[in-house]
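Those sequence lines, one after another, are chains Z and C.
Under our numbering, the first residue of the first sequence carries the number 2, and numbering increases by one thereafter.
Under our numbering, the first residue of the second sequence carries the number 2, and numbering increases by one thereafter.
The set of hints was computed from the structure by calculation and includes no laboratory data.
The reader is advised that the hints may include incorrect statements.
Note that identical chains are pooled: a pair holds if it fits in a single copy or bridges any two copies.
Said to hold, decoys possible - Straight-line alpha carbon distances no greater than 27 Å define the calculated DSS-like cross-link-like pairs of lysine-lysine that follow:
{"#": "1", "residue 1": "K151", "residue 2": "K3"}
{"#": "2", "residue 1": "K77", "residue 2": "K151"}
{"#": "3", "residue 1": "K3", "residue 2": "K190"}
{"#": "4", "residue 1": "K77", "residue 2": "K190"}
2 protein chains.
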Amino acid sequence: MKFFSFWRSLASFRVRIALNLKNLSTEIVFIDLDTNAHRTDDYRRVNPQMALPALTLDDGTVLFQSLAILEYLEEKYPEPPMLPVDALGRARVRALALMVACEGHPLLVPRVRRYLDNELNLRDAQQAAWRRHWTVETLAALEGHLARDKATGRFCHGDQPTMADVCIVGHVTVALAQDISLAPWPTVKRIFETAMALPAFAAAHPLAQPDTPEAMRTKN
Amino acid sequence: MKFFSFWRSLASFRVRIALNLKNLSTEIVFIDLDTNAHRTDDYRRVNPQMALPALTLDDGTVLFQSLAILEYLEEKYPEPPMLPVDALGRARVRALALMVACEGHPLLVPRVRRYLDNELNLRDAQQAAWRRHWTVETLAALEGHLARDKATGRFCHGDQPTMADVCIVGHVTVALAQDISLAPWPTVKRIFETAMALPAFAAAHPLAQPDTPEAMRTKN
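Let the hints inform the model, and build the full structure from the sequences given.
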């Protein structure tokens, strides 16, 4: 398998965690979004949408969209599982993951930032307010669900990490990068810290990748 | 089952199609987003995120997030299937569905429109340009994937409707509501027309619901 990744891409972060959890190794191709490497003809042939991540199989099949890749990895490499065994549990885990992937994340991606900058001429303070608003809204929505539900355990669903944790840590990472205190969302904070203590999650962190710029890299 | 729906909600549209395809009947609770019915304490108890749709089971379990609901319905009521039998086919269908749910749709929802209006003070022309920009971007991305892939058939994947079609018709409906010509995306256009010719899709259309305002209702 060949995995097309970028250190800062939160969708790449999700797939990195899943590959680590399932102990799968791939060739990694770093696509530098900052130099528009995703807009080259080479990458467009891989993914006409010019978005990250993508995963190509040995037969040339290209998988795209991070959650579809997670579901594929779960089906092909079921151990350890990222989804519960029961249909209701799976529905809950998928819904928590989708709250991040369909609501929090899409408003924070580079192409939206570019539109706010180039088309709407938003200055730094307005851009920061935009990011903060949507980051906080999703944190609050996650806390609302996680805090009230007895299915929440050490992780989002029970005591093992699932696709929900895989998605939520990226959203919390974005919040921390904005210096947003997690105090109002104690369940989210606790689960984030529990998940990031796992090697599979820690090793996937955006600031710990081979293509992370040296100045930003986490020092260990 | 009790289904919380709003005629104009594209995420509700997806679940309506799936319920129709699988010939499932539910009690329907209409939540009028225009009068903020989703922000009442009653609905907040159903879904703390105050978003549509939601599906409550007879034991009181609440399912939320449209794609998680589709996956649940697929698992519990497998016939007729909305996902292919092979893992690669499932990955492709899910990815196409996620292109709409995670990229096209999130930028077009009412809460974003309110932010553009109230916080950024965007006037009608700028709001229309925003909607058009993100609508077109996803149409182009979908065409890029659908046109080049031999797995595309009468529908997005082969000759039976899948979750991909369930999601894509909503995005095309939004495009048509903005008077965007589909001519540049002939594969998307063809699949949309094929899908909307099916009774399960047609009956789920936003303009054909019991809570559709009379002035907007499709006349048959």
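**Report entry** Unsatisfied constraints (hint numbers, rising)
**Finding:** Numbers 3, 4 - these are the hints that the structure violates, sorted from lowest upward.
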